[in-house]
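Participant: Respectively, the protein sequence lines represent chains A and B. Under my numbering, residues 1 to 491 are what the first sequence spells out, in order. Under my numbering, residues 1 to 305 are what the second sequence spells out, in order.
Since the hints were derived computationally from the structure, they do not count as laboratory data. Careful, some of the hints might be misleading.
Between beta-carbon pairs, the in silico distance windows are [what the hints assert, rightly or not]:
no.: 1; chain 1: B; residue 1: 114; chain 2: A; residue 2: 403; range: 41 to 49 Å
no.: 2; chain 1: A; residue 1: 229; chain 2: B; residue 2: 183; range: 53 to 61 Å
no.: 3; chain 1: B; residue 1: 183; chain 2: A; residue 2: 413; range: 42 to 50 Å
Because the structure is a prediction, the values reported are computed rather than measured. Where is the CB? At the ideal position from N, CA and C, for every residue including glycine.
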Amino acid sequence: MQERKVSLVPAPIEAAAAVFIGYFFWFLADGWKGAFIGLAAWAAVVVLTRLTAPLGTRQRTANLALWLGLAVGFVAAAPFIASGDFRTTQMATMGYLAIGVLSLNFLTGYTGQASIGHSAFMGVGAFTAAIMVQQWDAPMILAMGGGVLAAATLGFLVGLPALRLSGPYLAIATLGLAVIFAPFLKLNEIADYTGGRGGINLFSHTFSFPIDLGDWLNDSRWYYYLTVIFLGLGVLLLFNMLNSAVGRSFRAVRDNEIAAAATGVNVSSTKLTAFTISSAFAGFAGCLLFILSNRFISPESFSLFLGIEFLMAMSIGGVASIPGSLIGAFFLVYVYREGLETISTQTEGGSNTWLMLAGAALGGGLLFGSRWTAAMGRKYAPLIHQRYGQAIIALLKLALTVAIAAAFTWLVRLATEDLLDLVALRSAFAGVLLIIVILFLPYGMAGLIMMVQMLRWRDLLAILRHLVQPPAEPKPPTPPEPVPAPAAATD
Amino acid sequence: MDFDTLAQQIVSGVMTGSIYGLLALAMVMIFQSTSMFNFGQGEMATFTTFLAWGLMLHVPYGLGFALAVVIAFFIGAGLERGLIRLVEDNPMALIIVGLGIFLIFNSLGGSIWGPEPHSFPQPFAGAPIKFIGLTIGKHNLYLFVVAMVLTSVLYFFFRFTKLGLAMRVTAANRTAAELMGIPTGLMLMLGWGIAAALGAVAGMLVAPIVVLTPAMMFFVLLFSFAAAVLGGLDSAPGAILGGFIVAITQNLVGVYIDDWVNFLHLPFDIEDPNQYRDIVAIGLIVAVLAIRPRGLLGRPLVQRV
């Protein structure tokens with residue numbers, strides 16, 4: 001591996017995405033303060049993608065120090081920049097959701113065991129911690145430990161029958177688990193502990209903590225740092241585990257159980273370990289949820305829809321990818337839960353910028369991304385102009401993209417004004433996005449980012465030059481003379 | 001134990017169970033050909049039920065019913081052609097695409113028709129029939145008859161017609177079917193269409209009982225999952241049987257769990273037996289999967305390496 005100088009120039013796509021995300025958050029949340037939060041999250045994602053890239057690749061080495069510094073600085077400064085408690089808590093929410101998605105990714109992405117019921121593991125962690133605090137006034141660290149332990153136990157117990165199940169059967173079994181979890185908590189017989197329908201509310205509770213923290217304990221920033229530190233530790237732990245012999249055995253079981261068993265991997269114990277570790281992490285995310293949501297949880301906080309949200313976040317962010325989990329949580333909080341509401345109020349208010357951008361992405365993706373239009377371009381470019389045909393066609397595509405964007409904006413405006421409620425439709429948007437990602441980006445957003453990180457400025461220049469004057473198509477090599485078949489083919 | 005109550009619970013369990021069985025049958029059909037569950041099945045059924053409700057405001061019940069079934073058939077067939085075929089060899093992608101379908105239909109229904117309940121027309125309203133000490137609602141009887149007729153029609157279709165045979169071959173061994181000249185793509189499309197149409201029928205039959213809301217099919221679908229898993233996912237008779245077992249168990253738990261707890265001298269009293277109905281029914285899925293993963297009538301999976 002050749003040593004590279006640390007350059008202060010980010011890769012073009014990273015820079016472009018940073019501008020885009022900054023703009024997105026400027027628009028979404030409180031101007032430049034929001035933009036800062038978005039950039040912090042983006043820097044964290046870029047660093048994670050680089051750190052988890054294969055050793056010795058360009059993604060891993062280029063500008064790593066720059067991004068690492070940026071990410072740590074941005075993430076640490078974010079709660080001081082953010083406007084108000086709401087935004088800080090929201091960022092912390094993203095942190096624990098990332099842990100939850102990470103736990104699901106560990107089980108489903110790396111070990112190949114589909115689980116729709118991760119909400120139940122999370123709920124067990126949260127409720128155990130809450131009950132420990134309510135009944136025995138347990139200190140925070142102890143309550144979290146109890147929650148993690150309880151979730152790990154449940155994961156182990158669920159993992160036992162899950163050994164015999166695979167694919168859709170396992171999905172159904174975990175679906176059943178997630179569905180009975182809420183009604184189970186509401187049972188009158190255990191309502192003394194779980195609070196029944198209303199859940200547990202310890203709003204005014206202050207945790208006892210070994211160090212005297214004074215006012216900080218009631219500050220949402222303290223919880224933000226707590227979550228971020230735990231997220232960092234969790235990522236480190238999982239990353240190291242996945243790159244050890246244990247982690248490779250998980251992937252071996254995912255790819256082919258029989259082959260894994262033949263090479264000496266104990267399939268049953270590997271699956272059980274995966275279930276236990278994953279549910280422990282999910283339980284941990286549940287504890288953080290309990291602490292962050294004003295110490296209030298109800299059975300409905302852990303309905304099946306949370307499990308489905310996790311699966312959605314995992315698939316959109318990137319299956320079997322650590323930065324993908326972070327992107328998934330980011331998507332859940334800022335796009336799925338909040339973004340569409342903002343977009344819908346903004347469109348009512350009269351700003352079309354967003355819709356234009358979305359339409360441009362749609363049209364541009366269709367026109368510039370598809371193989372069919374590229375083939376058409378190659379075919380007709382020489383007919384238009386010998387030298388600048390490709391450039392003219394590129395301009396044409398650009399014009400068409402603008403037209404599509406305008407048409408898209410007009411259509412959506414029409415729909416939102418008279419017919420449909422955008423916020424009620426958000427699951428439909430998420431579903432469509434999910435299907436598009438599954439069809440066209442099998443490695444999710446993380447895969448996309450990893451791919452485009454390879455691109456350098458000079459590559460971009462080369463592409464532009466190619467667009468203006470494409471090199472001549474290389475002629476296909478003439479096939480060699482057919483060799484006469486051997487006289488007697490043995491099998 | 002009062003015999004009349006027991007008989008009443010079993011009879012009404014059979015009626016509800018026929019619906020679970022019908023939907024479970026649709027699931028088995030899809031599972032056999034694509035080895036996936038269509039998680040969106042229930043939401044698709046709700047969507048077409050809403051369409052039928054809208055149609056029935058303008059046209060008579062029978063016509064609206066038939067139109068909705070045809071629409072559902074085309075939605076199902078179109079989904080197979082346009083979406084499922086692209087990912088059919090990737091099990092994880094199939095699960096996630098199923099969830100995507102679920103989300104899309106769920107929120108489309110919610111945003112078009114709103115969360116408030118609507119009342120779905122009932123062709124046979126009126127006082128329930130009394131019959132040797134049993135009370136049977138007219139709608140329940142109608143629902144049971146329709147479900148049973150459909151099940152037998154399907155049975156004869158698959159057993160005695162050439163098309164049915166072709167569809168069975170496609171599900172059993174796709175390569176062999178292709179070699180025999182069967183258009184397997186078309187057969188799969190037909191299978192999805194029929195499954196969606198069955199779902200629509202089930203939706204329109206239960207809508208008067210559970211009132212029409214965007215979330216109405218959620219639990220019905222779940223119990224049908226339970227029925228399909230219980231009977232074995234590759235067994236059509238198992239699906240029907242599973243439907244009956246799930247529904248009857250639910251009813252019996254609702255009525256008798258208190259007695260059982262007393263009988264076993266468990267250290268607590270049941271305050272609200274109805275809370276346990278759903279838990280026991282879903283717990284059944286997990287238990288069956290743990291003990292007999294291929295269901296009661298399913299064949300064990302034999303894999304060649």
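Participant: Evaluate the given range 53 to 61 Å for the C-beta pair formed by residue 229 of chain A and residue 183 of chain B.
Facilitator: 59 Å, holds
Participant: At the C-beta level, are residue 183 of chain B and residue 413 of chain A separated by a distance inside 42 to 50 Å?
Facilitator: The hint (42 to 50 Å, Cβ to Cβ) holds, given that residue 183 of chain B and residue 413 of chain A are roughly 44 Å apart.
Participant: Does the hinted range 41 to 49 Å hold for residue 114 of chain B and residue 403 of chain A at CB?
Facilitator: 35 Å, violated
The structure is inconsistent with hint 1 alone, although it conforms to all the rest.
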